[in-house]
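Trainee: We have chain H; now place chain U onto it with these hints.
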Amino acid sequence: MSSASGRARKEPAWVRLLLIGIAVAYLAVFLVAPIAAVFTQAFAKGLSAYLHSFADRTAYSAMLLTLLAVVISVPLNLIFGLAAAWAVTKFRFTGRSLLVTLIDLPISVSPVISGLVFVLLFGMQGLFGPWLSDHGIKVIFAVPGIILATLFVTFPYVARELIPLMETQGTEDEEAALSLGANGWQTFWRVTLPNIKWGLLYGAILTTARAVGEFGAVSVVSGHIRGKTNTIPLHIEILYNEYQFVAAFALSSLLVMVALLTLVVKSIVARRAQTQLGRLAPATVEE
Amino acid sequence: MSISIQAISKGFGDHAALTDVSLEIESGELVALLGPSGAGKTTLLRIIGGLETPDAGRVLFHGQDATEKSLRERRVGFVFQHYALFRHMSVFENVAFGLRVRPRETRPPEPELRRRVTELLELVHLGSMAQRLPSQLSGGQRQRVALARALAVEPSVLLLDEPFGALDAKVRQELRRWLRRLHDEIHVTSVFVTHDQEEAMEVADRVVIMNAGRIEQVGTPEEVYHRPTSQFVYNFIGNVNLFQGRVEGERAYVGGVGVALPEWARAGATTARIAIRPHLLELSREPDGSEYFTACVDHINPAGPLVKVQLTAQWGEPFQVEVSQERYRLLAIERGLELFVSLKDERVFVDTSDDSLMHGEGI
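Same order as they appear, the protein sequences are chains H and U. If you read the first sequence in the working numbering, its first letter stands for residue 1060, the second for the next number, and so on. If you read the second sequence in the working numbering, its first letter stands for residue 119, the second for the next number, and so on.
Isolated chain U, as found in the complex:
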């Protein structure tokens, strides 16, 4: 079922949680709402689910206005960060709950109910845990029960609020791959909230990046990473170095390194903020013909697939560069060494406005 969110606003007291948010979600899509805490992600999710009512705007399910519909009528499956399992019921009864509370006419007969619950427990790999209480399960297992419980009512939409937020890193990774596979199997339109960009990138078909109650950008993981449309997105997704650059003619400069100004650059600007990802900078011992500036090595972290090198530019700005292990050995990088820094790729973000909220196309 497709979801259409139209000009939603919501405030709590003086605080505006959402301001004029619109979003289209295709049927069968898996969408991540990503943003720092306080961005309004959970509020948006709860409005889609009918747990909150918006102050303004509409939510359409499959083209039909659902704004006034209650939680019960929307047929959404909601998965909570802290599972919200019913403590006094067995795993089986938790999953069966949605079927048992149906009115008599639509309630499946007991054998049919048992079959369906058992099927769902198999789907979440908890067939052998049916008679346990939630307190006897691990966090990851609890969250899978919560998911099976939500799926039992055959929801048209599945909403997950930081589903893996309370789990430790290892279980988290396993569960999010599992969620992706599950979604590929059952294709229910799903929206999940996360503040973990890796999680969003790995699981979602599309990522909605939110900040301060607004949507900053919507796109595939590839789009938001490589073609951010605002400095917030560039900063938020992946690591980034921020340089204070100067504008000369058609180009903005960081030391000796120049990049083309974007079309939307403010006329007459003399300074620019230039954001460059650590892996887009190249280090070398000698100038190799491209534009460069020099910097001094402060600290090296060689653990991991890439070596993270902390440097200070000749004018004093600290920044980070990621180089391959081979390059690291070839250059024999050590603390205190002076290196030449150039740009591998012009996929940087230049901002000439004084306020960083100004939006525009990156280069």
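Okay, chain H solo, but in the shape it has when bound:
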């Protein structure tokens, strides 16, 4: 291996420069430039115009609704993801691999379909639509629909983080805790949770990022009622279509900041999760 990496280091300078150049250029065009553009546009009419965009009542309600979607979907998906990962990794049962496949469904299916599913279930022409409207419950084109769609598109993230982690860790720690007299709760809080906390946090961050940024699925169920059923991404689209560029990009800059923050936290957490896994490695020093 050392000889292979040694060879790699001896690549001629122009090859290295070319490769680095391509990578940097690519990043510049597709990542740095758009982000820069977002901020340039957002501040095109100065700081006060930028800040003013957030003071708008409809923008405010869009932010509130997005926050609501996050606050509801993150804890629920943490619980669901943990339960699913626990079931899949600690037990063997029929339908286990089907469950693993189903967990991935929202990632493989188009967001538009994810939204449409709920329209077909709860819309006026849908399966439960008439019953719901008889009882005065509005799901589609209302807040509950947005929450449902967000839950659906974000539910794989926690489970997908936890399943490989818990698979490597096995069940021995839990068995050890039980044999030492711990009950189920004590085992969970003192042994399982500390073992997976970084994976759990990582999953929560990904869930948050997706919940904040989701457009397609939410767009289908939202109905785009200003100040009522618009999340930040939906509101941005409306503003843009109405040529309110400063306002549109100001809100976009918010999303970009959430994304950047996610990246930073993610890289910290990923490193911690790595050490958590790394501690499983065999002892380095023998006595």
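It is worth saying that the hints were derived from the structure and are not from the lab. From the three backbone atoms N, C-alpha and C, an ideal C-beta is built for every residue, glycine too. Do not rely on the hints blindly, as some may be mistaken.
As the list claims (entries may be wrong) - Covered, in the sense of this in silico footprint (three residues per stretch, anywhere, with C-beta under 8 Å from a C-beta of chain H), are these stretches of chain U:
hint, segment
1, 188 to 198
2, 209 to 223
3, 267 to 281
Mentor: Frame of chain H; chain U shown alone:
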């Protein structure tokens, strides 16, 4: 506490891991479950500990049925092959875990807890490591922490699953002597699983030899080595040469060397499998009056206390003989040399059945 295992069976899907296994373990005994991988040793250990439930049969602790009792209620100390230490807790907290999770009424007060954990860490010679994380310890140290942690709850039974399996040879040897001494000090009924016969022989009071989900033989290390009751045990414990022999009258013959047939030999058998340990064969330059066959030296390994000589019998079967260094020099053994082979001791195993699973008394 004594353990009584009664007619335990356990299957995983189509695979029968244990078939009708019964075993009595005396209070204070140190017992080894020995066998090749897939023999069902670990499954049996996990059933004793309550980590698995048997399909049939019962486990009694001190005469009381424990089959339905959960892991928590059995008060067993379980030591895992890969330690299963809690990664995020210090050595001290690992050992203290079993005391901290007790209900408030029975939990010892903090000073008492500290005293007990410190005592246990001294017992496993890790007093100075209390504040380290498991990741900062060597494999051998980790396993000693695991042992101290299991002992902290004052278990009535200590179960160890391949406790030294993940360690290298040197540390392994040290630790198993240490385990033996520890057991002599604290006398808790202990069962450990191993596939290493040397380990089982050195550490255990009694050895339980398992094969394919059944118990082949239970006995002291001396008994299973010198008086194996089945060909499997004879093969599994120590090195062995297998010869295809013929039956003439009351005796079975390997070349010119005859051994008495066991009582249980099949009437009318014409062939027999004869198993002879390498150190029970004698090599000489001249026939010395005893029965013999001749063989040709293929290979010599003189490293070690005994010289291992590979030979081919006159009819083509390869086998191994162990001779002392003195004898090796006296005979001036070299490759290609033709030697006379005779039997020092009739502690051989003769099997006249066609299937080698047939049990019986050796001679």
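Trainee: State for each hint whether it applies.
Mentor: Tested hints:
As drawn, the segment 188 to 198 of chain U meets chain H at 8 residues by the rule of a beta-carbon pair under 8 Å; at three or more, the given contact holds. Closer than 8 Å: that is the beta-carbon criterion, and the segment 209 to 223 of chain U has 4 residues meeting it against chain H, so the requirement of 3 holds. As drawn, the segment 267 to 281 of chain U meets chain H at 4 residues by the rule of a beta-carbon pair under 8 Å; at three or more, the given contact holds.
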